[in-house]
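Participant: Keeping the supplied structure of chain C fixed, place chain B upon it in accordance with the hints.
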Amino acid sequence: MLVSLYRYNPETDEKPSMRDYELELPEGKDLMVLDVLELLKRQDPSIAYRRSCREGVCGSDGMNMNGTNGLACITPVSSAAKNGKLVLRPLPGLPVIRDLVVDMSVFYQQFEKIEPFLINNTPAPAIERLQSPEEREKLDGLYECILCACCSTNCPSFWWNPEKFVGPAGLLQAYRFLADSRDTATDARLADLEDPFSVFRCRGIMNCVAVCPKGLNPTRAIGHIRSMLLQRAS
Amino acid sequence: MSGIRTLSFDAVIVGGGGAGMRAALQLSQSGYKTAVISKVFPTRSHTVSAQGGITCAIASDDPNDDWRWHMYDTVKGSDYIGDQDAIEYMCSEGPQTVFELEHMGLPFSRTESGRIYQRPFGGQSKDFGKGGQAARTCAAADRTGHALLHTLYQGNVKNKTVFFNEWYATDIVRNQDGVVVGCIAICIETGETVYIQSKATVFATGGAGRIFASTTNALICTGDGVGMALRAGYPVQDIEMWQFHPTGIYGAGTLVTEGCRGEGGYLVNKDGERFMERYAPNAKDLAGRDVVARSMVMEILEGRGVGPNGDHVLLKLDHLGEKVLNAKLPGILELSRTFAHVDPVKEPIPVVPTCHYMMGGIPTNVNGQAITQDANGNDKIIEGLFAVGEVACVSVHGANRLGGNSLLDLVVFGRAAGKHIEGMLKQGVEQRAASKEDIDQALTRLNRLNSTTSGESVAVLRTELQTIMQNYFGVFRRGDYMRQGIEKLKELRGRIANINLEDKSNAFNTARIEALELENLFEVAEATAIAAETRTESRGAHARDDFQERDDENWLCHSLYFPASKSVAKRAVNFTPKTVPTFEPKVRTY
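Going down the list, the sequences are from chains C and B. Here the first sequence stands for residues 185 to 418, where the numbers follow the working numbering. Here the second sequence stands for residues 20 to 609, where the numbers follow the working numbering.
Same shape as in the complex, but just chain C (with noise of 0.2 Å):
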């Protein structure tokens, strides 16, 4: 197999790369494109990626595979390698510090703007706040986020504008607080959002849920901000 890779060391290269390895892969197996990193980085290990619980639940290791963003661990190599080829590229549009390895810190940004914690001010009862099933089911879909940015760095609005546009991540986040029954502050939520950026830059493109290794759908989420937002104003 031909694995065709994106290499940039700040300390030794002017600029970034594509190096070309070639790799025996073990009959009989396919194995997933995090699985063929570790190969080649017993090869070369100056080779650089994140990644961590090899199983899709971590969001370490999303890259773009053969021009499509996802987790390596989760994807097989027969289905992301053309012509038997690999082509790995760190995630698009955000800074790389070597290698696969991308900074985050916009995206991290982003996500702690929608305050992304539980707020209620009620007192809180001696057992937990009941739910009920149904309520319960509105944060499916929602809470299972790994925050991989798989999403994010697919979305041409969140390369045009990290700094104001929230992105699908973050935006999915700010619905799963507003659609639970617990969270109380659904006003001051929808008030920081209200700016022509945040939401509003989110052209419906859908790449994002396109690219979502755990099959969520962001741009459902931000349709109902949307709808929320337009409520509100009335």
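For the record, the hints were derived by calculation from the structure and aren't laboratory data. What you are looking at is a predicted structure, and each value in this text was computed from that prediction instead of being measured. One or more of the hints may lead you astray.
In silico DSSO-like pairs for lysine-lysine, Cα to Cα no more than 30 Å straight-line [said to hold, decoys possible]: (1) LYS605/B with LYS145/B; (2) LYS523/B with LYS225/C; (3) LYS509/B with LYS585/B; (4) LYS52/B with LYS297/C; (5) LYS589/B with LYS399/B; (6) LYS303/B with LYS605/B; (7) LYS605/B with LYS589/B; (8) LYS213/C with LYS289/B; (9) LYS145/B with LYS322/C; (10) LYS179/B with LYS398/C; (11) LYS365/B with LYS398/C; (12) LYS605/B with LYS398/C; (13) LYS297/C with LYS523/B; (14) LYS322/C with LYS177/B; (15) LYS507/B with LYS225/C; (16) LYS523/B with LYS199/C; (17) LYS225/C with LYS213/C; (18) LYS398/C with LYS52/B; (19) LYS507/B with LYS589/B; (20) LYS149/B with LYS297/C; (21) LYS342/B with LYS399/B; (22) LYS605/B with LYS322/C; (23) LYS149/B with LYS303/B; (24) LYS365/B with LYS455/B; (25) LYS445/B with LYS179/B; (26) LYS179/B with LYS348/C; (27) LYS348/C with LYS177/B; (28) LYS269/C with LYS398/C; (29) LYS399/B with LYS438/B; (30) LYS523/B with LYS509/B; (31) LYS297/C with LYS322/C; (32) LYS398/C with LYS297/C; (33) LYS322/C with LYS342/B; (34) LYS455/B with LYS225/C; (35) LYS585/B with LYS213/C; (36) LYS199/C with LYS269/C; (37) LYS438/B with LYS52/B.
Facilitator: Structure of chain B alone, referenced to chain C:
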């Protein structure tokens, strides 16, 4: 070289998983200058992979549930070497701790009455083992660890905890009086090395499942805290006790939650027989994890395994129906389709016992204070050092952890250590100074690695280490085999001391981090090997072919491994809970 920067905090927490973030939350809530050093962004910590839930007597499924029943199960599960004062503390403080998490926003699954959903897990009973199976594990579908870890991160964002994300702690800094006064840490992004000075240093570094070739653990579970403690000369306790989870996906090692069996799934051999009925007639598939794992290996050894090599068994779920599986076990469907290429709605999942959890670790009291022994064999607190979560051995799990007790351990003792440090800081603790020599001492290992010019590669040595541990220290152990394994480790130590770090660049140099991690893995492995060979009995997860019985006369105690002499001492188990009578050791059957 110690011209390095010093950063100063009231408390520094090494590790951003469940235990570390719960401790950090406690301290940042009360306004102390707290830092969390985490080698990965906190939500990428291994807590995120916990699936089934957090076991706790919140009396939702059964309004008459009692934390004392949970305590009974945990003591029995530990095969009687869990400390009863610590287990009492965990089980009685548990409900309050879980309610706090819910108030913080944790999206638990719910019952019709709006309370937290609880499912049955292995080793659970009502009425001190007399009232049948209990359902005591609080769940957020099968993503409880993810929900818990994200909630704790959110709580820390709210309370403005200072995070050093993608920083890696290398060694403890200890001053001339033997007080732990912080640690050395590397910023992975820039390569800068700093001394992090602190009045309290809390290790929340997690487990070390990567000492084995086949493990459910994340690639980051490399025993960094245990490695640092052993290098500083501190002992570790019950480190021979490693849990093999019955259901790791065959081939991939990824975890399939015990909640599958809690929801009604069961194991079958190649004849389609539900074999656990023979090994544990009452609890069947919900016996203790050590019991189920051993039964599976027995089936395989006796020729009833599945597959061309007869080397695994099957977990059957299809009879539960698609609706239940989608609602209760959605993550398992995903993992099985990805890693086993099977759809559990239609076909069983190939599974095999897989290394999962380190019951042993740095011995502590219920406040998280690390403990060593003085010359007379009495407990002595290590000033300035704390440990919580999987790296600690407080000990609530003894020789075998019950499912769902790990998440509870994290939050209960993370919170307890946080509270204790809070009290300590309130009373006014002086920052004890470290001299230039103290810092240089802590930098020795890093400096040596940074100046290597030859030697072997990390990847090759790591594979060898994992193979030795898998072959000589697995589910079943035998003295002569283990002694062979120990010899092999001795030889490997010399080679690992001579690792070659070819790439000495600074920016995000993961080769450097992996080399440092390998040294920690080795320390854990060697301690495991020597302690396992020394404990001449079978108890909990430690099963020996040459000593098949539990030996209460000689081994109803903790093992304490001392790195300087590479020898094992004994430490008494606590049998004096404060508010309930002692649970006396009994024959353990399910």
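Participant: So, for every hint listed, does it hold in this structure?
Facilitator: Status of the hints after comparison with the structure:
The straight-line distance between the Cα atoms of LYS605/B and LYS145/B is roughly 17 Å, inside the 30 Å bound, and the hint therefore holds. Distance restraint check for LYS523/B and LYS225/C: the Cα-Cα separation of roughly 15 Å lies within the 30 Å cut-off, and the hinted pair is therefore satisfied. Only pairs whose Cα atoms come within 30 Å are accepted, and LYS509/B paired with LYS585/B is accepted, the gap being roughly 11 Å. Pair hint LYS52/B plus LYS297/C holds up; C-alpha atoms about 23 Å apart against a cutoff of 30 Å.
Distance hint between LYS589/B and LYS399/B is fulfilled; the C-alpha atoms sit about 14 Å from each other, no more than 30 Å. Restraint check for LYS303/B and LYS605/B: satisfied, since their Cα atoms lie roughly 20 Å apart, inside the 30 Å limit. As the CA atoms of LYS605/B and LYS589/B are separated by approximately 21 Å, the hinted pair is consistent with the 30 Å bound. Proposed proximity of LYS213/C and LYS289/B is supported: the alpha carbons are some 23 Å apart, at most 30 Å.
Between LYS145/B and LYS322/C, the direct Cα distance comes to roughly 33 Å. Violation of the 30 Å bound is thereby established for this hinted pair. Taking the CA atoms of LYS179/B and LYS398/C, the gap is near 29 Å; set against the 30 Å cutoff, the hint holds. For the given pair, LYS365/B sits about 22 Å from LYS398/C by alpha-carbon distance, which is consistent with the 30 Å threshold. For a cut-off of 30 Å, the pair hint linking LYS605/B to LYS398/C is broken: about 46 Å separates their Cα positions.
Between the alpha carbons of LYS297/C and LYS523/B the distance comes to roughly 37 Å, so the proposed pair goes past 30 Å and is violated. Using a Cα cut-off of 30 Å, the hinted pair LYS322/C and LYS177/B holds, with the two alpha carbons roughly 23 Å apart. This hinted pair checks out: LYS507/B and LYS225/C have alpha carbons roughly 26 Å apart, not beyond 30 Å. Our distance criterion of 30 Å between C-alpha atoms is met by LYS523/B and LYS199/C, whose separation comes to about 19 Å.
Taken as a hint, the LYS225/C and LYS213/C pair is honoured in the structure, with Cα atoms around 19 Å apart against an allowance of 30 Å. For a cut-off of 30 Å, the pair hint linking LYS398/C to LYS52/B is broken: about 36 Å separates their Cα positions. Of the pairs offered as hints, the one joining LYS507/B and LYS589/B holds, with about 26 Å between alpha carbons and a cut-off of 30 Å not exceeded. This hinted pair does not check out: LYS149/B and LYS297/C have alpha carbons roughly 52 Å apart, beyond 30 Å.
Taking the CA atoms of LYS342/B and LYS399/B, the gap is about 55 Å. The hint is violated against a cut of 30 Å. A C-alpha spacing of about 47 Å is found between LYS605/B and LYS322/C, which places the hinted pair above 30 Å, so the restraint is violated. Taking the CA atoms of LYS149/B and LYS303/B, the gap is near 16 Å; set against the 30 Å cutoff, the hint holds. With a CA separation close to 65 Å, the supplied pair LYS365/B and LYS455/B exceeds the 30 Å bound.
Between the alpha carbons of LYS445/B and LYS179/B the distance comes to roughly 20 Å, so the proposed pair stays at or under 30 Å and holds. Of the supplied pair hints, the one linking LYS179/B and LYS348/C holds, its CA atoms being roughly 22 Å apart against a limit of 30 Å. Restraint check for LYS348/C and LYS177/B: satisfied, since their Cα atoms lie roughly 21 Å apart, inside the 30 Å limit. For the hint pairing LYS269/C with LYS398/C, the CA-to-CA distance comes to about 25 Å; that is within 30 Å, so the pair holds.
Only pairs whose Cα atoms come within 30 Å are accepted, and LYS399/B paired with LYS438/B is accepted, the gap being roughly 21 Å. Between LYS523/B and LYS509/B the alpha-carbon distance is near 28 Å, which keeps this suggested pair within the 30 Å criterion. Simply put, LYS297/C and LYS322/C have alpha-carbon atoms about 22 Å apart, close enough for the 30 Å limit, and the pair holds. For the suggested pair LYS398/C and LYS297/C, the alpha carbons sit about 23 Å apart, so the restraint of at most 30 Å is met.
For the suggested pair LYS322/C and LYS342/B, the alpha carbons sit about 17 Å apart, so the restraint of at most 30 Å is met. Restraint check for LYS455/B and LYS225/C: not satisfied, since their Cα atoms lie roughly 37 Å apart, outside the 30 Å limit. With a C-alpha separation of about 42 Å, the suggested pair LYS585/B and LYS213/C falls outside the 30 Å cut-off, and the hint is violated. Under the criterion of a C-alpha separation no larger than 30 Å, the hint pairing LYS199/C with LYS269/C is consistent with the structure, at around 23 Å.
Annotation: proposed proximity of LYS438/B to LYS52/B holds, straight-line Cα distance about 14 Å (limit 30 Å).
The structure fails hints 9, 12, 13, 18, 20, 21, 22, 24, 34, 35 (numbered hints given earlier, in ascending order).
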